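Chain order of the listed sequences is A and B. Last residue of the first sequence: 290 (my numbering), numbering continuous. Last residue of the second sequence: 1755 (my numbering), numbering continuous.
Certain hints may be false.
[Said to hold, decoys possible] Looking from chain A toward chain B, a few residues come up when the C-beta cut is under 10 Å (computed):
| id | residue |
| --- | --- |
| 1 | Asp93 |
| 2 | Gly126 |
| 3 | Met127 |
| 4 | Leu159 |
In short, the hints are calculated from the structure, not lab data. All values reported here derive from a predicted model rather than from experimental measurement. Backbone N, C-alpha and C fix where the C-beta goes; we use that ideal spot for every residue, glycine too.
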Amino acid sequence: MTKSLKMPILKMTARNVSVAYGSKIAINNVSIDVDQDEVVAFIGPSGCGKSTFLRTLNRMNDTVASARVTGEIKLDGQDIYSPDMDVVQLRARVGMVFQKPNPFPKSIYENVAYGPRIHGLAGAKADLDRIVEKSLRRAGLWDEVKDRLSDSGTALSGGQQQRLCIARAIAVDPEVILMDEPCSALDPIATAKIEELIHELRGRYAMVIVTHNMQQAARVSQKTAFFHLGSLVEYGNTSDIFTNPREERTKDYITGRYG
Amino acid sequence: MSAIALLFLVLGLGLIGWLTARVRATRFRAGSTVRFSSLPSHHGWFVALWTAVPPLIFLVIWSMTSPALVTDTVLSTPAAMQLPPPGFDRASILSEARSLAEGRSFGAFHGLSRTLAPSYAAAQTRYDWIATALALLLAFAGGAFAFTRVKPGFGARTQVERVVMLMLLGASLIAILTTVGIVASLLYESARFFHVVPITDFLFGTHWSPQVIDGRDPGASLGAVPLFWGTFFIGAVIAMIVAIPFGLMSAIYLTQYAAPTTRKWMKPILEMLAGVPTVVYGYFAALTVAPAVRDFAVSIGISWASSESALAAGLVMGIMIIPFVSSMADDSIAAVPSSMRDGSLAMGATSSETIRRVLLPAALPGVVGGVLLAVSRAIGETMIVVMAASGVATLTLNPFASTTTVTKQIVDLLTGEAEFDSPKTLAAFALGLTLFVVTLLLNIVALRVVKRYREAYE
Ligand SMILES: Nc1ncnc2c1ncn2[C@@H]1O[C@H](COP(=O)(O)OP(=O)(O)O)[C@@H](O)[C@H]1O
Ligand SMILES: [Mg+2]
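Just chain A, with the same shape it has in the complex (with noise of 0.2 Å):
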């Protein structure tokens, strides 16, 4: 018997999270599924609470000190909130790419090992060479800068480090990758490669992607969840989203009426 349906394999699950910073909420009560091999954007207006929702992915509020999380939020079943999750194993798993490109100040080489490091990945230095080589080709960087990979990650230019950024979090073979705005520091042809390369990556990792750019949203992604004063307005899929929303707000945002 054959299938032509694939069933959506659920990859992480929110339910009723909400966050505050101190006594202020930024969140509040947002349920989402993540599926498999989907890309999932993050639209609002800015202070609408995108980051803050998008870093309860992977526990980066924890870095913040005023920072609290309630509600329940699973990857692949496992709540990652719990006292048994290794919140290294899980960085590990759910890896992140900032607004700015943020290389460290290392080589090509080394920042992109770094992870592989840390985490124990790589045996020999031949193993590191291979993940260093595979994560550069799956990030379109390879050609690039296989010829100097012993220069510094941030004499690349703007485009190349968010690149570079891109393949740091696949070396250490995520399931899932949180991007947040990751073009809003780039111009037209960088910002086309990102987008490209996210279309190429889909499938092999789960994708969440944050922008304030909306013909992006529509050209990147699967689902989309609109986001309105730290309130999930809507979520479905893309093309009904921007062709046929059901609330009032989401339309008044996709339209530019405000935001």
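Starting from the structure of chain A, add chain B with the ligands where the hints point.
Just chain B with the ligands now, with coordinates in the frame of chain A:
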């Protein structure tokens, strides 16, 4: 007229200039609808500065040159023929005569000074009148010149601005000129020293005993290598072995682990340590640490251990330097963008891995620069070694043995009983010059490193 009275007179004239110019400027503004570039007070300041500043400059120069002129006049009187030839007696008679003439003393040791006192007083009075007349002339000339320029279209504002700029420039030049003067005198005295002692003997000789100098070959006992080694050993080795790890670790704790409340009280306390007078550290070194170090050495079988050991001085110096290293390292670590830290944490690195693999390497140039500055401070530090280090120059690697430093030797050489131009005393200047050159180079290199580092993140 006394100097103070003259000063107030000049300032008073300046005030009058200010008031009249203001009145004049207010008057021509009143009748006009045009916008002027300068306010009445700018015109006032313009005239006031032209009135007061030239005589003030004149008075400063005058006060430096006139005593010599007065003395010359006195020397040309017939009574001065009886003065002894130039030397100590002559100088003391002249200064006694001057005190009598100025009414600062009433009794005289030398009879001749009584004879000279009236001509001193006369000459003094004459030159005072000349000074007053010249100062007033300058004040009126300057004031009048400036007053004629107070016209509607005149940009007094920019002129005043320029004068302010010149005064600030002058203030900053004073510090620089003083340094230049100090260096020049160091160079001059050192040159005299190197005239007597070959520079190679001084820089490469390994025997230092300034108490017994052979007049025919002074260089043989003025070889400074043991001092250089002692300075390096105490200031750059022992002190840094203490200061670098503790300073660095406290900086890491304060920037990465401490809760904001902890940091709020801990950092000022640490910085307060830098303000403790070094003589207090000297007591601590000499009275507490040095005996303890010796007792410890004896207990582990080094019976000859010195109570003026390099270790005691170096340890305390290291403690003194901790806040310095800590605050430089703190700044460097804090200057690493937090996105580096986030990037590493998001890769699954722990805090200590992040510090070791990302923050410290990124902060390293800044930390190195800070350490170099700390070394330059440590080798110039004097009080601790004067109190706790030995006066005997030995070339040793043993931290329990006694060693001496350049600064300690400078103090010993200059506080001893010696004529001012003996090789022994002059050696102090040569040591001072060497220390100056070395710390200067260290500072230049350190500031370069730190600057390059700052630029990397801006
Ligand atoms: N570290 C923090 N401490 C306190 N408040 C924060 C912090 N980070 C974000 N916030 C607040 O939380 C809200 C959501 O911010 P954020 O998640 O960055 O929004 P977005 O990414 O959608 O622009 C904002 O009001 C912001 O001021
Ligand atoms: Mg954001």
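*List, from low to high, the hint numbers that the structure doesn't satisfy.*
Hint 4 is the one this structure does not satisfy, whereas the remaining hints hold.
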